[in-house]
Amino acid sequence: MTAEGKVQRRRRRAGRVAGNSILYIVLIITSLAMLIPFYWMVITSLKTEANAFSNPPQWWPHPMTFSHYAEVFRIIPNFGRYFLNSIIVSVSITLGQIFFDTLAAYGFAKLKFPGRDTIFFLFLMSMMVPSQINIIPMYKMMGSLHWLDTYWALIVPKLTGVFGIFMMRQFILSIPNELLDAARIDACSEFRIFLKIILPLSVPGIATLAIFTFMGAWNDFLWPQIMTSSDLMYTLPVGLAQLQSKNTSNWTQIMAGTVLSALPLILLYLSMQDKFVEGMTAGAVKE
Amino acid sequence: MNKGPAKKKQGGFLRGIHKYGTAYLLIAPPLLSILIFLVGPMLVSLYWSFTDYSGISAPVWIGLKNYHDLLFKDKIFGQAMWNTVAFVLIGEGAGPVLGMLTALMLNQDVKGRSFFRTCYFLPQMTSFVVISTVWKMLYSGNGLFNELLGFLGAAPVNWLGDPNHALLSVAIASIWQGFGFETVLFLAALQGVPKELHEAAMMDGAGPLRRFFAVTLPALKPVVVYAYIVGVIGSFQLYDQVYVMTYGGPMHSTTSIVLYLFTKFRDLRLGYASAISYILFVILVLLSWLQWRLFGKEEEA
Numbered sequence: 001m002t003a004e005g006k007v008q009r010r011r012r013r014a015g016r017v018a019g020n021s022i023l024y025i026v027l028i029i030t031s032l033a034m035l036i037p038f039y040w041m042v043i044t045s046l047k048t049e050a051n052a053f054s055n056p057p058q059w060w061p062h063p064m065t066f067s068h069y070a071e072v073f074r075i076i077p078n079f080g081r082y083f084l085n086s087i088i089v090s091v092s093i094t095l096g097q098i099f100f101d102t103l104a105a106y107g108f109a110k111l112k113f114p115g116r117d118t119i120f121f122l123f124l125m126s127m128m129v130p131s132q133i134n135i136i137p138m139y140k141m142m143g144s145l146h147w148l149d150t151y152w153a154l155i156v157p158k159l160t161g162v163f164g165i166f167m168m169r170q171f172i173l174s175i176p177n178e179l180l181d182a183a184r185i186d187a188c189s190e191f192r193i194f195l196k197i198i199l200p201l202s203v204p205g206i207a208t209l210a211i212f213t214f215m216g217a218w219n220d221f222l223w224p225q226i227m228t229s230s231d232l233m234y235t236l237p238v239g240l241a242q243l244q245s246k247n248t249s250n251w252t253q254i255m256a257g258t259v260l261s262a263l264p265l266i267l268l269y270l271s272m273q274d275k276f277v278e279g280m281t282a283g284a285v286k287e
Numbered sequence: 001m002n003k004g005p006a007k008k009k010q011g012g013f014l015r016g017i018h019k020y021g022t023a024y025l026l027i028a029p030p031l032l033s034i035l036i037f038l039v040g041p042m043l044v045s046l047y048w049s050f051t052d053y054s055g056i057s058a059p060v061w062i063g064l065k066n067y068h069d070l071l072f073k074d075k076i077f078g079q080a081m082w083n084t085v086a087f088v089l090i091g092e093g094a095g096p097v098l099g100m101l102t103a104l105m106l107n108q109d110v111k112g113r114s115f116f117r118t119c120y121f122l123p124q125m126t127s128f129v130v131i132s133t134v135w136k137m138l139y140s141g142n143g144l145f146n147e148l149l150g151f152l153g154a155a156p157v158n159w160l161g162d163p164n165h166a167l168l169s170v171a172i173a174s175i176w177q178g179f180g181f182e183t184v185l186f187l188a189a190l191q192g193v194p195k196e197l198h199e200a201a202m203m204d205g206a207g208p209l210r211r212f213f214a215v216t217l218p219a220l221k222p223v224v225v226y227a228y229i230v231g232v233i234g235s236f237q238l239y240d241q242v243y244v245m246t247y248g249g250p251m252h253s254t255t256s257i258v259l260y261l262f263t264k265f266r267d268l269r270l271g272y273a274s275a276i277s278y279i280l281f282v283i284l285v286l287l288s289w290l291q292w293r294l295f296g297k298e299e300e301a
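Heads up: the protein sequence lines correspond to chains A and B, in order.
Each residue of the first sequence is one higher than the one before, starting from 1 at the first, in my numbering.
Each residue of the second sequence is one higher than the one before, starting from 1 at the first, in my numbering.
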């Protein structure tokens, strides 16, 4: 190898090292930019009110206090109730969607019936409709059913989901038909086939569906905001927006409320990361 | 059961019920849900959009007046349209690009990839209400951002209070919240691009930039189109962020279409609000169709 070649190679390696360092520096800076708002949310909730906006900013709460968390419950006695409402609503919607979406997905994926493709197309189209378009008639409909400001209005219209059906259909399509045919020869009913074959094989898909449905329901704002009017029926996002408009200046308390309402999903995400990623990409990447 | 010849004619039908009954039973709940909670209300909403309706007295037919007023007279709605379009352009201009850049970085052989991915994706886990509340604090007069600016010797910025850049401030928070979705989506797709394609292009002496545009981007096209369609539809429905951070102000500089719809709903102008929702619907359908025609078509060929 010529001397020139060696120099060139060394230069290239130096370039790669430099490129790598830049890569890491950019990655670290951008991730800090992602984490700092969360960090600031948590430490503000632990600062004394006087120190919340001190100059220069306090990067570590000193003295540290947990009293704002108790204050949230004192100022808004029903904060615990918001929490409970969010859990009741999100869990019910999630269970409903697991049940109804998976069954319907099985129908679309593995059974033949007249009108199947037309109905599936109608389902897909309905995903394009913005939810705001029906919210006003729904408000009147819920009113005439006397469902306004009850769990019914928050839960029943959300018990099935087209995205979930679409996702589970993709999943169930990949289960080989031979398995089902064998069961049919053994005179299993469709329901039994679903219970004994489809369901056990769909567990990963169902887990993803569950996580996403729960997340959507937990974070939903406009729907519960319109459908509820009494303090006892608010979900966390509605209650949080309320807390914020009640005392705009006391950020330490507001942040305590924010931490409380954000924490469950962040913990859920950190413990089930891979499922999240899998589910997110299922619709788009898998063909 | 009597198996007499009289029953024979019905046999086909009964067998049909028996044959397909299970299937129809399976899809009945979501089908009914869509018909009752979506298609029905949509038709009602369409009718109301041609009426003057307060929700209390019966709707009065006024033809196209709501639409005419919205499109030609209502200055605030015009502003809300413009604000929403600007928000979509800023958000969809920056979000997917940031998502692609971060995904490309993470697609290198980096240590701690899943940690970085977690960081970018973390805001997705929290509601817009939470994120917007936190950013409202960061944006406040003596909040963290202005303190940092002061540290750098720059003058403080009235982030949310100045009509000239309130919308931009809302958009920045939303981009920060949202681009991790694209990071994760694109990263998963990048890992599916066959290595041989890259190596072949490298053999031909293509630089990294050429390789990206000639090999990577075409391979990722379906995912990128998906991300844009989902992103544009989502951004057009801007509501939570402006409700929490600015409530449309100052001087309507952050009023979005959906926020305006909400205020008309609160004012009990249900016919007018319905017309707003239909304008939004038509925009979304046209945009989805346009994006599909422009970018999605080749996929089928």
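One or more of the hints may lead you astray.
Straight-line alpha carbon distances no greater than 30 Å define the calculated BS3-like cross-link-like pairs of lysine-lysine that follow [claimed, not checked]:
id, chain 1, residue 1, chain 2, residue 2
1, A, Lys110, B, Lys65
2, B, Lys111, B, Lys195
3, B, Lys19, A, Lys112
4, A, Lys140, B, Lys195
5, A, Lys275, B, Lys111
6, B, Lys195, A, Lys196
7, A, Lys140, B, Lys19
Rather than coming from a laboratory, the hints here were simulated on the basis of the structure.
Here is what the structure says about each hint:
1. Restraint check for Lys110/A and Lys65/B: not satisfied, since their Cα atoms lie roughly 49 Å apart, outside the 30 Å limit.
2. A C-alpha spacing of about 20 Å is found between Lys111/B and Lys195/B, which places the hinted pair at or below 30 Å, so the restraint holds.
3. For the suggested pair Lys19/B and Lys112/A, the alpha carbons sit about 9 Å apart, so the restraint of at most 30 Å is met.
4. For the suggested pair Lys140/A and Lys195/B, the alpha carbons sit about 56 Å apart, so the restraint of at most 30 Å is broken.
5. A threshold of 30 Å between alpha carbons decides the hint, and for Lys275/A with Lys111/B the separation of about 21 Å falls inside it, so the pair holds.
6. Restraint check: the Cα-Cα separation between Lys195/B and Lys196/A comes to about 40 Å, which exceeds 30 Å; the hinted pair is violated.
7. For the given pair, Lys140/A sits about 39 Å from Lys19/B by alpha-carbon distance, which is inconsistent with the 30 Å threshold.
Hints 1, 4, 6 and 7 from the list above are not met by this structure, while the remaining hints are.
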